[in-house]
Amino acid sequence: MKVQQISIFIENESGRLAEVTRVLGDAGVNIRALSLADTSDFGILRLIVDQTERAHDVLKEHRFTVSKTEVVAVEVPDQPLGLCRVLSILEQSGINVEYMYAFAGNDRANAVIIFRFDDLDAAIRVLPQNGIRILEGKRVGMDAGRH
Amino acid sequence: MLWNDEFETLPREAVESLQLKRLRQVVERVYATVPFYRRSFEAAGVTPAQIRSLDDLRRLPFTLKADMRDNYPYGLFAVPLEQIVRIHASSGTTGKPTVVGYTRRDIDNWSELMARSFAAAGVHRGDVIHNAYGYGLFTGGLGAHYGAERIGASVIPMSGGQTKKQLMIMQDFGSTVLTCTPSYCLFLAEAAREEGLDIREFKLRVGIHGAEPWSEQLRAEIEEKLNIKAIDVYGLSEILGPGVAIECIEAQCGLHIWEDHFLPEIIDPETGVSLPHGEQGELVITTLTKEGIPLIRYRTRDITRILPEPCACGRTHLRLERMSGRSDDMLIIRGVNVFPSQIESVLFRIEGVEPHYQLLVDREDNLDTLEVQVEVNEATFSDEIKQLQGLSGKIRKDIKELLGVTCNVKLVEPKTIARSEGKAKRVIDRRKERGG
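Sequence lines, in order, name chains A and B.
Just so we're aligned: the first sequence equals residues 1 to 147 in this note's numbering.
Just so we're aligned: the second sequence equals residues 1 to 436 in this note's numbering.
None of these hints come from the bench; they were simulated from the model.
No residue lacks a Cβ here, since even glycine has one placed at the ideal position from N, Cα and C.
Some clues are possibly wrong.
As the list claims (entries may be wrong) - For lysine-lysine, the following DSS-like pairs were computed, each having C-alpha atoms within a straight-line distance of at most 27 Å: (1) B/Lys-425 with B/Lys-164; (2) B/Lys-394 with A/Lys-68; (3) B/Lys-229 with A/Lys-60; (4) B/Lys-425 with B/Lys-386; (5) A/Lys-68 with B/Lys-410; (6) B/Lys-386 with B/Lys-415; (7) B/Lys-225 with A/Lys-68; (8) B/Lys-165 with B/Lys-203; (9) A/Lys-60 with B/Lys-415; (10) A/Lys-60 with B/Lys-165; (11) B/Lys-386 with A/Lys-2; (12) A/Lys-60 with B/Lys-397; (13) B/Lys-386 with A/Lys-60; (14) B/Lys-425 with A/Lys-60; (15) B/Lys-96 with B/Lys-164; (16) B/Lys-394 with B/Lys-165; (17) B/Lys-415 with B/Lys-397; (18) B/Lys-415 with A/Lys-68; (19) B/Lys-397 with B/Lys-425.
Stated by the list, open to error - Among the chain B residues that face chain A by a calculated CB cut under 10 Å, a handful are: (20) Lys-65; (21) Ala-66; (22) Asp-172; (23) Leu-388; (24) Gln-389; (25) Val-412.
The task is simple: from the sequences and hints, build the whole structure.
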């Protein structure tokens, strides 16, 4: 139920972000979701892509510092209080969000949010018990054969 | 392993009486043949006849690097050019290089001292020496080469650069000894890893590294990454080139300076006053046997101390502590003295941090600023901002605690700090560029 995310260390320098997308594009990798966390000196680019291993390898070849992290893709009803309900369940269970970002899904009724929790396994247990759907990799456009 | 049993184990009294004899000879020679020395001795009110003991050395004036530049190119040569068989020059980062000339006997002595140095590092006939010091005007390549031939080892004159080819040759030719700067040694190890080669499995046994200051931690890293013994060698072109002093493999603790050819002193770099053995200061060397360009009390700008205790290896020549930096590398940041090697030591103590760093010094609103740039690698990278900020915070705090200087730490992408194939450029001081 976990989804593999690629994280890349990026200096705050013009052109670095473009370089990442160029490397991935040249390798035929499609980006499904992304978030950029930034400080004054550096940023961390987090990506969900269709071919995780390939993305990881080509970025390494191009000497980026890159790692794989497990995250959870959660389906959230696209309506008022939709996200609030998910977060309340997590709060009551004592699970903390390290970071999160939204994913542009194809389904108009639901949004997809990528979460990194301090306790990933607890989240995977608790959320479905409360009627919240956790999506598999292929549902967020990742290569099904690899996950 | 001794190369020259007699001279390397000469009793102290014999070393010192030989030094005095040779000191008096060289002082008379330069006074007679080098106008610069005649003038500087006269200005100091000293004549060669007044030099009657080793302590009288202190009466003689210093020779500075600036004196070599002022007498560019041949002004300090003590013999006519017809007797000079080799000319080297140091890489002058600003202006003209410093030029040195060697007579045939100088080259012979250099080969002998480099042979002693190789032997002290446990290198012998039958070894394959991969010499990656630069050949050319720089003294490193040819200096190591002649010593390698003198001991009868098989020397591969690689010179610097062409890293992939270096690795191929090192592996295929079965090199057992690697001579290069410590930073290039790490660069080779890194390149090997990228090529998918296990350099630990190569036949390398010993590395002989010098030409730039390096730390004990860097030694540990080189020894681990290449599976070799890493030996510190010291030399400078003005005095000879490589082979002025070297660690023995038996103790790996301090570098024996070949005292039958060089007379070392330690002085306070601020006042020029001689310091007793054991105290840290600037190394000053008088060449005792050089013919082409003998130097009297040459200020090396290297910071070290003399270790007078006898060494386990049996050599009687004094040891110099590992150079902790150059007096002109010393940064003064808001009044605090900082050597790049100290920052290197701090970084090494932090788990996962690699020795790829650069220091950027600048001045803002009349205050010195220090930025320490450290590469993020796979071991230190986290996809959570707070972890990375924790890392830079720890580096900043440790530097503040251990060195007493406040700095900014900037995490940078791997390889953004220029890899050096020769000497590592650790410091960019923009205060100088601005003439401030």
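**Item:** Those earlier numbered hints the structure runs against, lowest number first
**Value:** Hints 3, 4, 12, 15, 16, 20, 21 and 22 not satisfied by this model.
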